[in-house]
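Listed below, chain by chain, are the residues.
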Amino acid sequence: EAAVTQSPRNKVTVTGGNVTLSCRQTNSHNYMYWYRQDTGHGLRLIHYSYGAGNLQIGDVPDGYKATRTTQEDFFLLLELASPSQTSLYFCASRPTGMGEQYFGPGTRLTVL
Amino acid sequence: KTQVEQSPQSLVVRQGENCVLQCNYSVTPDNHLRWFKQDTGKGLVSLTVLVDQKDKTSNGRYSATLDKDAKHSTLHITATLLDDTATYICVVGDRGSALGRLHFGAGTQLIVIP
Numbered sequence: 001e002a003a004v005t006q007s008p009r010n011k012v013t014v015t016g017g018n019v020t021l022s023c024r025q026t027n028s029h030n031y032m033y034w035y036r037q038d039t040g041h042g043l044r045l046i047h048y049s050y051g052a053g054n055l056q057i058g059d060v061p062d063g064y065k066a067t068r069t070t071q072e073d074f075f076l077l078l079e080l081a082s083p084s085q086t087s088l089y090f091c092a093s094r095p096t097g098m099g100e101q102y103f104g105p106g107t108r109l110t111v112l
Numbered sequence: 001k002t003q004v005e006q007s008p009q010s011l012v013v014r015q016g017e018n019c020v021l022q023c024n025y026s027v028t029p030d031n032h033l034r035w036f037k038q039d040t041g042k043g044l045v046s047l048t049v050l051v052d053q054k055d056k057t058s059n060g061r062y063s064a065t066l067d068k069d070a071k072h073s074t075l076h077i078t079a080t081l082l083d084d085t086a087t088y089i090c091v092v093g094d095r096g097s098a099l100g101r102l103h104f105g106a107g108t109q110l111i112v113i114p
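Respectively, the protein sequence lines represent chains A and B. Going by the numbering used here, the first sequence opens with residue 1, and the numbers climb by one from there. Going by the numbering used here, the second sequence opens with residue 1, and the numbers climb by one from there.
Incorrect hints may have been included.
For lysine-lysine, the following DSBU-like pairs were computed, each having C-alpha atoms within a straight-line distance of at most 35 Å [said to hold, decoys possible]: (1) K11(A) to K42(B); (2) K71(B) to K56(B); (3) K42(B) to K65(A); (4) K71(B) to K42(B); (5) K54(B) to K71(B); (6) K56(B) to K42(B).
The set of hints was computed from the structure by calculation and includes no laboratory data. Everything numeric in this text was worked out from a predicted model, so none of it was measured.
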């Protein structure tokens, strides 16, 4: 069973704060994704990557940076957090080809 | 533009009753369709995946159908339990996307009452 972990699981920060969300997968998957989930919306793609050092923009990238330091680790950076970024964030990984995406447990971020 | 529409938005049933959740989509070309269960504020738990043009799956009290011609799927829950209270999310894979893009519905919130 593919394993994707996220940390922290919960985070509270203030407007203007600097936040880093971490995601690690130990499945040697090439693709990794960051999503946000808000009430009334399906999961929306923020950024994704297909390998260490690679970064691609998703559908809702404004206010977010990301970095893929290794094949295992994908980070989501909020350098000036705003209340509109209060959300549930999911990371996922997928092997090359049409394999399924495996989701992490999520990180609840609250920006006051 | 939303490419995956789920109905109803919310549903209340009594324990022991059956229910049916609907998913309509416009994703083209479509690859697979997966149903997830999500407890409030928690992660996504895969219930079933459908891949064939006309597909049916069964997983305990959950059964699902897919008709790719109609771009329509249903999730049936039989003899509901209180623990079935959750949001059920329909996800469609985009076969034309090299990045393995997924299109998510907003979910149906199911509440099971005693």
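| Is K71(B) within 35 Å of K42(B), Cα to Cα? | holds, 28 Å
| message | With the threshold set at 35 Å, check whether the alpha-carbon distance from K11(A) to K42(B) stays at or below it. | response | holds, 15 Å
| Satisfaction of hint between K42(B) and K56(B), Cα-Cα up to 35 Å | Holds, at roughly 27 Å.
| request: Could you grab the alpha-carbon distance between K71(B) and K56(B) and see if it respects the 35 Å cut-off? | output: Given that 35 Å is the threshold and the Cα spacing comes to 14 Å, the pair holds.
| said: Would the hint linking K54(B) and K71(B) be met if the CA-CA limit is 35 Å? | reply: holds, 10 Å
| Restraint status (C-alpha distance of K42(B) to K65(A) at most 35 Å) | holds, 24 Å
When each numbered hint is compared with the structure, no violation occurs for any of them.
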